[in-house]
Structure formats: structure tokens, C-alpha cells
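**Q** Reconstruct the complex from the two isolated chains, following the hints.
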Amino acid sequence: MPYDERLVAPMRAELVRHGVKELTSVAEVDAILGDPQGTQLLFVNSVCGCAAGSARPGLSLALRGSVKPAGLFTVFAGQDLEATARARSYFADYQPSSPSIALLKDGEVVYFMHRHQIEGRGPEAIAAELGVAFDRHCPA
Amino acid sequence: MLVTCADGRRYVGRYHETSARGVLLHDVAAFDESGSTPFAEWIGRQWKFGVQAAHKHLVVPTNEIRDLVRFAAPGDP
Chain P
3 MPYDERLVAP MRAELVRHGV KELTSVAEVD AILGDPQGTQ LLFVNSVCGC
53 AAGSARPGLS LALRGSVKPA GLFTVFAGQD LEATARARSY FADYQPSSPS
103 IALLKDGEVV YFMHRHQIEG RGPEAIAAEL GVAFDRHCPA
Chain F
5 MLVTCADGRR YVGRYHETSA RGVLLHDVAA FDESGSTPFA EWIGRQWKFG
55 VQAAHKHLVV PTNEIRDLVR FAAPGDP
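Protein chains in written order, with the numbering used here: chain P, 3 to 142; chain F, 5 to 81.
One chain only, chain F, in its complex shape (with noise of 0.2 Å):
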């Protein structure tokens, strides 16, 4: 899945459950936005080259998540 918070941050991750903490994701690549990598290109890194795991596991906050869908090929909808 692919996160986005309300703060710009942004992960990538495999879902395991919401609960009342948040959403946990295991084996979670974090975009680093003060690097000098687009997102773009960090994205497409992850998707050809598999996730670069920052994070064995992760919870994100619910209130803190403005977007949560389905990680695809970049391009696709």
C-alpha cells in the first residue's frame, strides 16, 4: 500500500490490519522528502526494484493519513 499523510509524508509498506492505533504495515519504505530524489523516481525505484525497507513494521496513525491505496505500477490509476 502507499500512505500519504497529512504532513506530505509518504510510505510504502504491506497492509496488515487497521485498529484502533492505526494502520500497521510491515516492510515499510519511507520517502525521504528533504533528499534530492522526486518522488517520482523514489516511487518508480520501489516498484522495479522491490521495497527498501526502512521499517520491519510501522503504524501510522488514522487521523494522521490522508490517503491510503493500493500501491500499483506508477502511471497506472
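Chain P with its partners taken away, still in its complex shape (with noise of 0.2 Å):
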């Protein structure tokens, strides 16, 4: 069961001030993720504090670099349900994870930060790690 909107809502305005789409229905994954066009990042939301509150500012931090992806998306398990399991169809050969972190290439996953790489670090490891992953799969 979905949590209250109001306890997600800053969670979501988190990723959303530092320009990360949401994608709330089917039709807009299928939107974005249907039609891969460059880099995209997905930032797969989570309620989770043990692992959701350092990915988040996590995310935040990395996105201060001058190399990052074209696009920046977000689904919100738990709560936007439908929307999270057709974005998780275009990575299936990952188990579903949330908080997780995937880049997309032309549609072709070539990084992926499941909870069980977030959980116990902080948002600086987080964000250093995204780091490596921008500079190696994106255009400057």
C-alpha cells in the first residue's frame, strides 16, 4: 500500500529540484524509455532511509559534475506502481531493487547501483562512484 502523498512528496521534490523528471504513468516511461535516445539516468525512489536517504543526495552530489547524463528520470516504488514496473521491463535482467540507479545508453543498461551497493555508504561514496560511471559512459 502506498505511503501518504505528503510524507513522499519531499522525497520526490528531492530528485525533482535538481531537474530529474518523474515519470508517474506507463505512457511516460514508455515515453522516454521507449524511444532511448543517448545517455539516460533512472533513479529508481524508495521510501527505505537506510539506503534512499544517502542515494538521494547521493545522486544530488554527482549531478554537480559537468559531466552527467542527457536525461534524468525518476520512477517512485512503493508508490507509483505501475509506472516503476514497466520501468523496471526495460532492464529486467535486473532484480528490482529501490532505491536503485540506472544508466541507460541507446536504451542498453551499462551501469546499475542496486540498494545492496547504497546501503552503508554515504552520499559522497555514492556520488563519487556515479562520478566514474558518468565520465566513463557520457559525452563531456
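Some hints could be false.
To be verified - Mimicking DSSO-like on lysine-lysine, the simulated pairs with C-alpha atoms at most 27 Å apart in a straight line are: (1) P:Lys107 with P:Lys23; (2) P:Lys107 with F:Lys52; (3) P:Lys23 with F:Lys52.
For the record, the hints were derived by calculation from the structure and aren't laboratory data.
**A** In C-alpha cells, the structure reads:
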């Protein structure tokens, strides 16, 4: 059952204010991931405090760099259920994990950060790893 | 966490707590020692593609555990 939207709204806003576009419907997901162009980052947001509490600021820190994906998107696991399921169908080889971060290039997953790679790490460490992935896969 | 038991069983899962019953893990993948997949390949896949949970919850008795370590990238210390 989804959480009260009032609880979740700040977690959505934490990404949106850094230029990450929310995808809340299947149609929105298909419009973006179904027509892959260049580099796209998809952040699977989550209420989970122990991981998402580091992942969101970690992504925000990583986006301060000059090299980053061309498209920045997010779905909210446990909240926008259909949109999240549809988004996951675009990287079905990867186990569902929330939070998680997928980096796609022309529709192919080139980097994936699972929840188990987030837990126990601070935002700086997460940002550093994302920065390495951006440098490797995103055009400057 | 990666849990290795004295008898060779190996599990990857989210650590929840240690109680008198043992270590409670959530979303646990179990390495099949009798299978054809080498452990290094199996653990590498768990890392890359995510933990393929076979058990929603699993308690591993403390006295059966030989090693309990953070699930790290293959090759990392």
C-alpha cells in the first residue's frame, strides 16, 4: 500500500529540484525509455531511509559535475506502482531493487547501482561512484 | 551481507539482526553448491544483476556461521 503522499512529496522534490523528471505513468515511462536516445539515468526512488536517504543526496552531488546523463528521470517504487513496474521492464535482467540507479545508453544498461551497493555508504561515496560511471559513459 | 557457514553453505542477504536464534537476513539468495555455476560467477552475478532472493527471510544459527562479511564488489577486500 502506498504511503501518504504528504510523506513522500519531499522525497520526490529532493530529486525534482535537481532537474530529475518524474515519470508517474506507464505512458510517460514508455515515451522516455521506449524511445531511447543517448544517455538516460533512471533513479528508482524509495521511502527506505537506510538507503534512499543516502542515494538521493548522492545523486544530487553527482549531478553537480559537468559530465552527466542527457536525460534524468525517476520513478517512485511503492508509490507509482505501474510506472515503476514498466520502468523495470526495460532492464528486466536486473533484480527489482529500490532504491536503485540505472544508467542507460541508447537503451542498454551500462551501469546499475543496486540497493545493496547503496546501503551503508554515504552520499559522497555514492556520488563518487556515479561520477566515475558518468565519466565513462556520458559524453562530456 | 555474505554469510558463509561451517558446512560450506553460503548466503547473500540484507542483515536485520542477531538474536538468540541466529542471524536474521531478508531477501536471501543461496548458493547452490551442487550446481554447475562456480561460486565466483554466482556471486558476481548477484552483485551485477541484484540478489536473486530465494528466501524472503532466513535465520542462520549463529553457531553454524563461519564468516559474516559485508557484501562487497567481487575482488574488493
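**Q** Against this structure, judge whether each hint is valid.
**A** Okay, the hints, checked on the actual structure:
Distance hint between P:Lys107 and P:Lys23 is fulfilled; the C-alpha atoms sit about 17 Å from each other, no more than 27 Å. Restraint check for P:Lys107 and F:Lys52: satisfied, since their Cα atoms lie roughly 17 Å apart, inside the 27 Å limit. As the CA atoms of P:Lys23 and F:Lys52 are separated by approximately 26 Å, the hinted pair is consistent with the 27 Å bound.
Checked against the numbered hints listed earlier, the structure breaks none of them; every hint is satisfied.
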